[in-house]
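Visitor: Chains as they are written, first to last, in our numbering: chain A, 1 to 104; chain B, 1001 to 1217.
If you're looking for bench data, these hints aren't it; they were derived computationally from the structure. Mixed in with the good hints, there may be bad ones.
No more than 16 Å apart at the CA atoms, straight line, and that leaves these computed lysine to aspartate or glutamate pairs for EDC-like [claimed, not checked]:
| id | chain 1 | residue 1 | chain 2 | residue 2 |
| --- | --- | --- | --- | --- |
| 1 | B | K1096 | A | E67 |
| 2 | B | K1019 | B | E1172 |
| 3 | B | K1049 | A | D3 |
| 4 | B | K1109 | A | D3 |
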Amino acid sequence: MYDIAVVGDRDSIGGFAALGMHVHPAESADEVRAALQSLTQGSFAVIYITEAAAAFAEDIIAKYRDEPLPAIIPIPGVRGNTGEGMRAVSRSVEKAVGSDILSK
Amino acid sequence: MAILNVNPTRMELTRLKGKLATARRGHKLLKDKRDELMRRFLELVRENKTLRAEVERSISAAAEHMAIAGASMPKYALDTALAMPKQGLSLEVETKNIMSVDIPVYSPKFKTAGEGDIYSYGYAETSCDLDAAVKALADVFPQMLRLAEVEKSCQMMAAEIERTRRRVNALEHVMIPNYADTIRYITMKLDENERSSTARLMKVKDMMLEQAHHYKY
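So here's chain B without its partners, still in its complex pose:
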């Protein structure tokens, strides 16, 4: 029971009734937003988990090939082989709006025509395990990009869900009850004023009748 600090007047009452209606509508909308966000989030986070498991497995497999390559050829050869990459990669970032969260959508742009143009070295001096490692990484790259997209979306949606939930709770448990209580308080106060003025009028009437006709009650 908390009453806002307002004057109990009719104007204040109308204003508060308007605010209460707005708060109720906002509460309903935000609750719907929270539910829909949560549904999307859970879908996305499930994808995130499976994708992450896959990517982690693939990268570990590539790392094994890389370790063997590193063991079977001299370190300087490995470094030179990877020092000047043939492939260039840049990202086009667009955003997609899901329930007022701007989630990123990445589309990769490769510098050379063939996406598979990944071997930046001659095959004479390198071990075939290096080829396997690079190939494995190239294969997992689309998934890695999708993982980045999904994971970022999940993080941003989680933050938005938290914010929305706070708003819903603030409206539901603080704002709306406060408005309702204050409206009740003003209504009662106004009714009370009306009753007291009626009683006063009746009293005045009695006094006037007594003066004029010496009526006694």
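So that you can see chain A by itself, here it is in the shape it has in the complex:
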């Protein structure tokens, strides 16, 4: 049995608690990294992270890209969308195909 966690600033992720996800508020770079470090060691299969928070921990996220568990998925926060999530998808395409053939 695995759990789902959400990392990000309190305003963005508060609502997810109502769905039964584990909510880990983190705003500064240190908080985000500490939260992510401990979550990746725990029994979490999916970790949603706001794009703003993800920017602080790109190396940790990159480390878990090719691992089966956990899946670290960027989501937009209340302060809007940086487009990082989409760019990550494009990077996958680039890695597989050699160039990003799907974005126009």
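Fit chain B to the supplied structure of chain A, relying on the hints for placement.
Guide: Just chain B now, kept in the frame of chain A:
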């Protein structure tokens, strides 16, 4: 033109021919694997893109409701409303094998009987925008889960495609030509040895005839 460091013997030749056949078969199989992986990957990544666009839109919409809720009710009320969730959620993770990549399949397990059992607060002290925000998030949750599944699959398949492509290229441009060149080299060397021994025998025969019968050529 690169020749492996081997002795030009018949045994070595047989061994290399076997290796070349294996390498050719492996190359063909890996190429097929790469093509099929690529086809699946492109399907999946298209789904990933549309799904991500939808999820991002829905979450932003929910965040707007949340912002209004936060503005229209005191912060402590909002925090208490969400502090003790009624719903519990855990994930069953299975894996599905697509072309030797183990992609995850998530199935959510809710603690309470009704999936819609998401309002963990009394309605008296909370704004209706909070209800809307929570509802919107609950609605987008299945898509979020599918997004996690698809995105993880895409990442793992991209890594596998890269690995497979390297293998195909190594076989196609390094291993197979090397084997072919070495086989050619050994064949030529053996043929040359045979010719030289024939020539030597002819020479010896001439010398023996000359000794015995004083033939002159």
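Visitor: I'd like to know which numbered hints this structure contradicts. Please list them from smallest to largest.
Guide: 3
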